[in-house]
Amino acid sequence: MTTLLMSELIICEVLTALEQHEPVDLRISARRCKARLPRHAESEDEIRRHVETVAMKYGAAIVIAPD
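Position one of the sequence shown corresponds to residue 0 (numbering that gives the first Met the number 0), numbered consecutively onward.
Just so you know, these hints were derived from the structure itself, not from any lab. One or more hints might be untrue.
Now the in silico label distances, taken between C-beta atoms and shown as ranges [as the list claims (entries may be wrong)]:
1. Gly58 to Arg38: 25 to 33 Å
2. Ile10 to Ala40: 17 to 25 Å
3. Gly58 to Pro37: 26 to 34 Å
4. Ala60 to Arg38: 25 to 33 Å
5. His20 to Ala40: 14 to 22 Å
6. Leu3 to Pro65: 27 to 35 Å
7. Ser6 to Gly58: 12 to 20 Å
8. Lys56 to His20: 13 to 21 Å
9. Arg48 to Leu17: 14 to 22 Å
C-beta: ideal position from N, C-alpha, C; glycine also.
Based on the provided sequences and hints, a complete structural model is requested.
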């Protein structure tokens with residue numbers, strides 16, 4: 000169940016950035032998703048990779064900030 004919810008959170012992060020004409024900050028988006036669903040099994044790094052994949056599929060600009 001948390002996998003579906005995490006997918007929805009990730010898509011919302013990307014669509015919100017697109018709607019606001021802003022790039023998707025991968026690190027911040029992953030942290031925000033993990034904070035909203037802390038019991039999800041994936042690490043923040045794994046979530047970040049999923050955010051990046053979804054952002055690229057939707058054609059969103061991305062920000063890759065160092066940790």
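The hints, checked one at a time:
1. Gly58 to Arg38: 25 to 33 Å: holds (31 Å)
2. Ile10 to Ala40: 17 to 25 Å: With a Cβ separation near 19 Å, Ile10 and Ala40 satisfy 17 to 25 Å, so the hint holds.
3. Gly58 to Pro37: 26 to 34 Å: With a Cβ separation near 30 Å, Gly58 and Pro37 satisfy 26 to 34 Å, so the hint holds.
4. Ala60 to Arg38: 25 to 33 Å: holds (31 Å)
5. His20 to Ala40: 14 to 22 Å: violated (33 Å)
6. Leu3 to Pro65: 27 to 35 Å: holds (31 Å)
7. Ser6 to Gly58: 12 to 20 Å: holds (18 Å)
8. Lys56 to His20: 13 to 21 Å: Holds: the Cβ-Cβ distance is about 18 Å, inside 13 to 21 Å.
9. Arg48 to Leu17: 14 to 22 Å: Between Arg48 and Leu17, where Cβ atoms are some 19 Å apart, the hint holds.
Comparing the model with each numbered hint stated earlier shows that hint 5 is the single one that does not hold.
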